[in-house]
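Peer 1: Protein sequences appear in the order of chains A and B. Residue 1318 is where the first sequence starts when you use my numbering, and the numbers rise one by one after that. Residue 1318 is where the second sequence starts when you use my numbering, and the numbers rise one by one after that.
Take these hints with a grain of salt, some might be off.
Same chains, same names: a pair is fine if it fits in one copy or spans any two.
Pairs of lysine to any residue residues, derived as SDA-like cross-links and limited to a Cα-Cα distance of at most 25 Å, are as follows [claimed, not checked]:
{"no.": "1", "residue 1": "1436", "residue 2": "1393"}
{"no.": "2", "residue 1": "1376", "residue 2": "1357"}
{"no.": "3", "residue 1": "1376", "residue 2": "1411"}
{"no.": "4", "residue 1": "1376", "residue 2": "1329"}
{"no.": "5", "residue 1": "1376", "residue 2": "1410"}
{"no.": "6", "residue 1": "1376", "residue 2": "1359"}
{"no.": "7", "residue 1": "1376", "residue 2": "1351"}
If you are wondering where the hints come from, they were derived from the structure by calculation, not from laboratory data.
Given next are the chains, with one letter for each unit.
Protein chains: 2
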Amino acid sequence: MASKRTPRASADELTSTFGALADPTRRAILAHLMSGEASVTELAEPFEMSMAAISKHLKILERAGLIARARAAQWRPCRITAAPLKDVADWVENYRMAWEQRLDRLHNYLSEVQAKEKKHGRGSK
Amino acid sequence: MASKRTPRASADELTSTFGALADPTRRAILAHLMSGEASVTELAEPFEMSMAAISKHLKILERAGLIARARAAQWRPCRITAAPLKDVADWVENYRMAWEQRLDRLHNYLSEVQAKEKKHGRGSK
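Working from the sequences, and respecting the hints, build out all of it.
Peer 2: Okay, structure coming up:
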């Protein structure tokens, strides 16, 4: 309804989102937009970059659906559109098990070492 | 200790992680590795791709720290190393507010519309 994106992002959409996020300037622009909409001039301000370079970054963010630009107002403010970021969160959630299991294995290993040390009487304070 | 990565990933690390994830084949390789380690031949199998092309993808994943390859065994199995994915999850978490607020606004808007309809007697079943 309000979004063109399906609940599960397509492979193309995810590829375009990850591609857009693979740049520190573009991530900084998104971080800036978390505090509200901003003009291109405002967004360019913290970077030592030409307006042309910033505009290119904005186009990549816009194409990935990560920002939207108002059409009515003359200064065309940018705002963040978070749907693709939710897709990233949903995607990465599938891998949570991988890093949690890794921590579990480490924890189990440390417990075993501690148990062995206790058995050999080297672990007691 | 077990990881070279700091709890907060640097901008360079995030850029390299997002860059590596911006490809459907590389994401499919990671998905495959969630069920355990695999050889390059096994990983290449589902794709109509040369071994050279697969090796290139694996190098990009390895450089981003998303996979590791055993050095000892002759078949050099690949396994997933989830630390950079946890960094992605931590990063995207900062934006959760953006998509949740968006849903809140939508919910508030719908509630207002329903309230108005009730007031005008058009909302009753």
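Peer 1: Now look at each hint and say whether the structure bears it out.
Peer 2: Outcome of the hint check:
| no. | hint | in the structure |
| --- | --- | --- |
| 1 | 1436 to 1393 | neither (70 Å within a copy, 37 Å between copies) |
| 2 | 1376 to 1357 | within (11 Å within a copy, 37 Å between copies) |
| 3 | 1376 to 1411 | between (30 Å within a copy, 23 Å between copies) |
| 4 | 1376 to 1329 | both (17 Å within a copy, 22 Å between copies) |
| 5 | 1376 to 1410 | between (28 Å within a copy, 24 Å between copies) |
| 6 | 1376 to 1359 | within (16 Å within a copy, 39 Å between copies) |
| 7 | 1376 to 1351 | within (18 Å within a copy, 34 Å between copies) |
Hint violations for this structure: number 1 only, all remaining hints satisfied.
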